[in-house]
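Engineer: One letter stands for each residue in the lines below.
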Amino acid sequence: QKEVEQNSGPLSVPEGAIASLNCTYSDRVSQSFFWYRQYSGKSPELIMSIYSNGDKEDGRFTAQLNKASQYVSLLIRDSQPSDSATYLCAVSPYSGYSTLTFGKGTMLLVSP
Amino acid sequence: AAGVIQSPRHLIKEKRETATLKCYPISRHDTVYWYQQGPGQDPQFLISFYEKMQSDKGSIPDRFSAQQFSDYHSELNMSSLELGDSALYFCASSLTSEQFFGPGTRLTVL
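Chains as they are written, first to last, in the numbering used here: chain A, 1 to 112; chain B, 1 to 110.
A hint or two may mislead.
Stretch-level coverage of chain A by chain B, calculated; a stretch enters the list once three of its residues show a Cβ under 8 Å from a Cβ in chain B [to be verified]: (1) 12–26; (2) 43–52; (3) 66–79.
Residues of chain A placed beyond 12 Å of chain B at every Cβ, according to the derived structure [said to hold, decoys possible]: (4) V29; (5) D55; (6) E57; (7) G59; (8) R60; (9) F61; (10) P112.
For the record, the hints were derived by calculation from the structure and aren't laboratory data. All of these numbers come straight from a predicted model, not from anything done at the bench. Quick reminder that beta carbons are idealized off the backbone N, C-alpha and C, glycines included.
Construct all of the structure, not just a fragment, from the sequences and the given hints.
Structural biologist: What follows is the structure, encoded as structure tokens:
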């Protein structure tokens, strides 16, 4: 059973702080890793994808991947109240099209 | 560019009825995925299609079927509905590895 584990939270941070979200996965051959943001009752929105070890930055978001440790994280700098949502980590065994296995998500709460 | 379109957005059915959910992928996307998300749960993969052929199958009940048509839109057919089928149903489309989700159909079975 391929598993993706996330701390359910909530993770509470003050506005302007850095939020750090973590995810571990069990399938060692996983190739593609994604972070989705989901507001309550809405659909998941892709915010980051990462395929190689190291860091990938996009605006206020940085994804970090360590395949040896089977660990992927998302850093959100200068957190805003509008970042309050559930963040889903998703993993795929292939680099091309493939089904995603999701973690149960971490709820982030950013207080003004 | 237009995103993934799903219809209807809300659907209320009685037990044992049938339902059909439709998905229109982003233009030029050749792969469609269906997910089911129950309250407080993560999205669960149901089935996917690549170039109109079923490419992968997840935890889709035998009461459900799906297909992808020549214009790449997809339909999820659900029969003998049960109370437990009440959930959000998302369609996602992709051209590469990144999947983009539609707004979902909220199905309520009474």
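Engineer: Looking at the structure, which of the earlier hints fail to hold?
Structural biologist: Structure breaks hints 1, 3.
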